[in-house]
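2 protein chains.
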Amino acid sequence: MVEEKADEILSEADHAHVAFLVVGDPFGATTHTDLVVRAKKMAIEVKVVHNASVMNAIGVCGLQLYRYGETVSIPFFTETWRPDSFYEKIQRNLSMGLHTLCLLDIRVKEPTLESLCRGRKAYEPPRYMTINTAIEQLLEIVQAREEPAYTEDTECVGLARLGSEDQMIVAGTMKQLQMVDFGAPLHCLVITGQTHPVEEEMLYFYRCRTSIQH
Amino acid sequence: MVEEKADEILSEADHAHVAFLVVGDPFGATTHTDLVVRAKKMAIEVKVVHNASVMNAIGVCGLQLYRYGETVSIPFFTETWRPDSFYEKIQRNLSMGLHTLCLLDIRVKEPTLESLCRGRKAYEPPRYMTINTAIEQLLEIVQAREEPAYTEDTECVGLARLGSEDQMIVAGTMKQLQMVDFGAPLHCLVITGQTHPVEEEMLYFYRCRTSIQH
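These protein sequence lines map, in sequence, to chains W and L. All residue numbers for the first sequence refer to the numbering used here, where the first residue is 316 and numbers rise by one. All residue numbers for the second sequence refer to the numbering used here, where the first residue is 316 and numbers rise by one.
None of these hints come from the bench; they were simulated from the model. Worth double-checking, as some hints may not be accurate.
Stated by the list, open to error - SDA-like cross-link-like pairs, simulated, lysine to any residue; straight-line CA separation at most 25 Å:
no., chain 1, residue 1, chain 2, residue 2
1, L, K404, W, S400
2, L, K404, W, V513
3, L, K320, W, F520
4, W, K404, L, L409
5, L, K404, L, M357
6, L, K320, L, Y443
7, L, K490, L, K436
8, L, K320, L, M357
9, L, K404, W, Y465
10, L, K362, W, S400
11, W, K362, L, E480
12, L, K490, L, P440
13, L, K436, L, V317
14, L, K356, W, M357
15, L, K356, W, T510
16, L, K320, L, L431
17, W, K362, L, P500
18, L, K404, W, K362
19, L, K355, W, R382
20, L, K362, W, G498
21, L, K362, W, R522
22, L, K355, W, E480
23, L, K436, L, T395
24, W, K356, L, V505
25, L, K404, W, S388
26, W, K356, L, E516
27, L, K355, L, L325
28, L, K355, W, R522
29, L, K424, L, T346
30, L, K356, W, E516
31, L, K404, W, G508
32, W, K362, W, A344
33, L, K355, W, E323
34, L, K362, L, V338
35, W, K362, L, E515
36, W, K404, L, V505
37, W, K355, L, T346
Predicted model only: the values in this text are computed from it and were never measured.
All chains, please: the whole structure from these sequences, using the hints.
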């Protein structure tokens with residue numbers, strides 16, 4: 316993890332060139348911004364090479380990038396921790412007719428409960444949230460609401476392995492997408508706002524009847 | 316222009332591989348989505364190679380990508396055409412504490428008025444909106460408003476030649492940025508919403524006192 320290695324990266328950079336490779340664009344994550352801030356404070360010169368990121372590659376589904384509102388992250392619910400702060404953001408985006416990109420939780424290098432107790436490092440197997448789980452959680456938190464911002468009939472687009480040869484894109488209602496097996500991670504989900512004709516034309520190719528789209 | 320060449324691109328693709336190179340990510344512009352839609356309708360296979368785009372490279376200034384609202388485009392005002400539909404979007408973003416990425420107008424291959432009259436093709440020299448012009452227009456449209464969403468004291472970040480060796484990033488109020496010479500195009504502007512401490516720490520390095528930041 317970057318956080319653990321930051322000191323090492325920065326101390327090396329004092330006397331040598333250090334390259335730090337990331338998935339996506341370096342500024343997609345606060346962690347990387349923090350690393351740059353620390354480097355700059357130490358007067359270390361930082362050169363950034365930008366890259367494609369889910370934040371713009373998501374445009375492939377046909378929904379226009381300038382029609383997205385705030386991006387949300389959906390964390391894995393646990394028995395005791397079921398945060399729903401993303402709901403309000405989705406609600407706001409939908410009320411303005413905007414699309415919402417939902418980034419789905421990734422759990423890697425999570426220490427096991429046992430290892431935390433014993434002070435030895437052992438990790439849980441990595442977990443990547445599927446579109447199906449995301450929709451399940453999204454629907455769970457609107458159950459108790461009187462005028463939910465979305466329902467199981469709300470249009471969405473599910474995307475798996477975005478940017479790779481076997482990427483999969485399916486457009487449909489939440490209910491429809493819940494029945495789709497999107498396969499290996501990473502998954503992400505767009506909750507569709509108001510659409511324009513060109514957007515609809517593109518979504519047409521990804522509608523549920525066609526199971527896989529490259 | 317893509318629009319004029321689309322037929323040619325698509326007819327060639329019927330019997331050969333055609334590569335179409337763009338600046339930024341292919342789905343940053345509706346035009347390219349439209350080209351893909353037309354290709355798919357003709358059963359032409361389309362492979363997309365994603366790329367960095369201003370939509371994510373903007374993260375370099377330190378404002379977090381997931382804290383941006385809807386992106387706006389600011390067109391060149393003319394004597395008779397002064398559209399301000401972007402104002403409401405900026406207002407909405409600011410009211411939610413979100414940052415606004417303003418993409419500034421590019422005029423290339425604009426036919427001259429004379430050539431339109433005579434039916435011969437002659438073009439105006441290319442024009443690229445500067446940050447200074449953008450701020451001038453932004454301030455002009457709030458002059459008549461009683462409770463403007465922003466004023467000349469509103470914090471912004473101006474970015475020129477993003478992603479290139481000589482990129483320039485300056486953070487400051489609209490009034491401050493209006494005095495800065497950002498040099499050659501392309502320029503873009505972020506109107507800053509509510510900031511978090513990590514965002515502030517990064518902006519610190521780009522504050523107006525330092526004239527150029529690489």
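Hints and how they fare:
Proximity of L/K404 to W/S400 is assessed by CA-CA distance (about 23 Å); at most 25 Å being required, the pair is judged to hold. Distance restraint check for L/K404 and W/V513: the Cα-Cα separation of roughly 21 Å lies within the 25 Å cut-off, and the hinted pair is therefore satisfied. Of the supplied pair hints, the one linking L/K320 and W/F520 holds, its CA atoms being roughly 23 Å apart against a limit of 25 Å. For the suggested pair W/K404 and L/L409, the alpha carbons sit about 14 Å apart, so the restraint of at most 25 Å is met.
Restraint check for L/K404 and L/M357: not satisfied, since their Cα atoms lie roughly 37 Å apart, outside the 25 Å limit. With a CA separation close to 23 Å, the supplied pair L/K320 and L/Y443 stays within the 25 Å bound. Of the pairs offered as hints, the one joining L/K490 and L/K436 is violated, with about 40 Å between alpha carbons and a cut-off of 25 Å exceeded. The hinted pair formed by L/K320 and L/M357 meets the criterion: a straight-line CA distance of about 16 Å does not exceed 25 Å.
This hinted pair checks out: L/K404 and W/Y465 have alpha carbons roughly 23 Å apart, not beyond 25 Å. Distance hint between L/K362 and W/S400 is unfulfilled; the C-alpha atoms sit about 37 Å from each other, more than 25 Å. The suggested pairing of W/K362 with L/E480 holds, with an alpha-carbon distance near 9 Å, which does not exceed 25 Å. A C-alpha spacing of about 29 Å is found between L/K490 and L/P440, which places the hinted pair above 25 Å, so the restraint is violated.
Proposed proximity of L/K436 and L/V317 is supported: the alpha carbons are some 17 Å apart, at most 25 Å. Restraint check for L/K356 and W/M357: the C-alpha separation of about 55 Å exceeds 25 Å, so the hint is violated. For the proposed pair L/K356 and W/T510, the alpha carbon gap of about 19 Å is at most 25 Å, so the pair holds. With a C-alpha separation of about 20 Å, the suggested pair L/K320 and L/L431 falls inside the 25 Å cut-off, and the hint holds.
For the proposed pair W/K362 and L/P500, the alpha carbon gap of about 20 Å is at most 25 Å, so the pair holds. Of the pairs offered as hints, the one joining L/K404 and W/K362 is violated, with about 33 Å between alpha carbons and a cut-off of 25 Å exceeded. Of the pairs offered as hints, the one joining L/K355 and W/R382 holds, with about 23 Å between alpha carbons and a cut-off of 25 Å not exceeded. Of the supplied pair hints, the one linking L/K362 and W/G498 holds, its CA atoms being roughly 20 Å apart against a limit of 25 Å.
Among the hinted pairs, L/K362 with W/R522 is consistent with the structure: their alpha-carbon atoms are about 19 Å apart, no more than 25 Å. In summary, the hint linking L/K355 to W/E480 is supported, as the alpha carbons are separated by about 17 Å, within the 25 Å threshold. Restraint check for L/K436 and L/T395: satisfied, since their Cα atoms lie roughly 24 Å apart, inside the 25 Å limit. Of the supplied pair hints, the one linking W/K356 and L/V505 holds, its CA atoms being roughly 24 Å apart against a limit of 25 Å.
The suggested pairing of L/K404 with W/S388 holds, with an alpha-carbon distance near 23 Å, which does not exceed 25 Å. Restraint check for W/K356 and L/E516: satisfied, since their Cα atoms lie roughly 10 Å apart, inside the 25 Å limit. At roughly 10 Å between alpha-carbon atoms, L/K355 and L/L325 fall within 25 Å of each other, so this suggested pair holds. The suggested pairing of L/K355 with W/R522 holds, with an alpha-carbon distance near 14 Å, which does not exceed 25 Å.
A threshold of 25 Å between alpha carbons decides the hint, and for L/K424 with L/T346 the separation of about 16 Å falls inside it, so the pair holds. This hinted pair checks out: L/K356 and W/E516 have alpha carbons roughly 10 Å apart, not beyond 25 Å. At roughly 16 Å between alpha-carbon atoms, L/K404 and W/G508 fall within 25 Å of each other, so this suggested pair holds. For the hint pairing W/K362 with W/A344, the CA-to-CA distance comes to about 17 Å; that is within 25 Å, so the pair holds.
About 49 Å separates the Cα atoms of L/K355 and W/E323, which puts this hinted pair outside 25 Å; it is violated. The straight-line distance between the Cα atoms of L/K362 and L/V338 is roughly 16 Å, inside the 25 Å bound, and the hint therefore holds. Note on W/K362 and L/E515: the hinted pairing holds, with a Cα-Cα distance of about 20 Å set against a maximum of 25 Å. Pair hint W/K404 plus L/V505 holds up; C-alpha atoms about 21 Å apart against a cutoff of 25 Å.
About 39 Å separates the Cα atoms of W/K355 and L/T346, which puts this hinted pair outside 25 Å; it is violated.
The structure is inconsistent with the numbered hints 5, 7, 10, 12, 14, 18, 33, 37, although it conforms to all the rest.
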